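> Starting from the known structure of chain C, arrange chain H on it as the hints suggest.
Protein chains: 2
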Amino acid sequence: MHDHRDTGLSLDPKYDSNGLITAVVSDRTTGEILMLAHMNAEALAATISTGQAHFWSRSRDRLWKKGESSGNVLTVTEIRIDCDQDAIWIIADAAGPACHTGQRSCFFRRIDGDALSPVE
Amino acid sequence: MHDHRDTGLSLDPKYDSNGLITAVVSDRTTGEILMLAHMNAEALAATISTGQAHFWSRSRDRLWKKGESSGNVLTVTEIRIDCDQDAIWIIADAAGPACHTGQRSCFFRRIDGDALSPVE
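Here the protein sequences come in this chain order: C and H. Counting with full-length UniProt numbering, you get residues 1 to 120 for the letters of the first sequence. Counting with full-length UniProt numbering, you get residues 1 to 120 for the letters of the second sequence.
For reference, chain C alone in the conformation it holds in the complex (with noise of 0.2 Å):
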């Protein structure tokens, strides 16, 4: 019941209605989950080629270059793909935070029962 793209080794994205593939972001050193974004052909491409992560900004809807303004760009030692093709996880170096609130990762909260409680 496997087809292709759950086991071969075509690079064949499956790309939602919109164009876009969830991307997940984790730490080369510390293993810890950065962020997770979307990526469009065109993101995946430039992240390949250039080695730096790119997304798609479905906000402002345009090519996103992770770090262009605030220089925290992410250094991709490794991509992989999941077994549908409908995920990229992303192992890289950080040069800064890599969450907009300036913490290291944008999962700094933990979910206790109803509430949050930052991690240290």
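Hints in this document: simulated from the structure, not taken from any laboratory. Note that this is a predicted model, so its numbers are computed, not measured. One should not assume that every hint holds.
Unchecked claim - Cut-off 27 Å, straight-line C-alpha distance, at most; resulting in silico cross-link-like pairs (DSS-like, lysine-lysine):
1) C:K14 <-> H:K14
2) C:K65 <-> H:K14
3) H:K65 <-> C:K14
4) H:K65 <-> H:K14
5) C:K14 <-> C:K65
Using the frame of chain C, we list chain H on its own:
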């Protein structure tokens, strides 16, 4: 320019137009990203209350307890949420392979240019 959702300590998930939020699961001991799926409010509540990962199956259009048929459940250690509360990070112990292909992680291939290579 930060709103309450970004920096506050109230759980207020930003579900998309289909009532879903993206959830990524990493292995507690190895840090490896195991899978990426989606949750609705019911799946998130079930994950919090049971301590085992639940998702919303978009293909079967129903609540899906990970491992309900395979036994490969994901026992949750910690749940984090990102700055704009539209993504969940679950840190879990996996009872077995997370991927339907039998691989430990769904992200078992890396992108090399236009092709994929198996990750050891």
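> Decide if the proposed pair is consistent with the structure: K14 of chain C and K14 of chain H, CA atoms, cutoff 27 Å inclusive.
Distance ~24 Å between K14 of chain C and K14 of chain H Cα, so the pair holds.
> Going straight from one Cα to the other, do K65 of chain H and K14 of chain H come out at no more than 27 Å?
22 Å, holds
> Do the alpha carbons of K65 of chain H and K14 of chain C lie within 27 Å of each other, as the hint requires?
Cα-Cα ~24 Å, so holds.
> Quick one, are K14 of chain C and K65 of chain C close enough, alpha carbons at most 27 Å?
22 Å, holds
> Going straight from one Cα to the other, do K65 of chain C and K14 of chain H come out at no more than 27 Å?
24 Å, holds
Violated hints are absent here; each numbered hint is respected by the structure.
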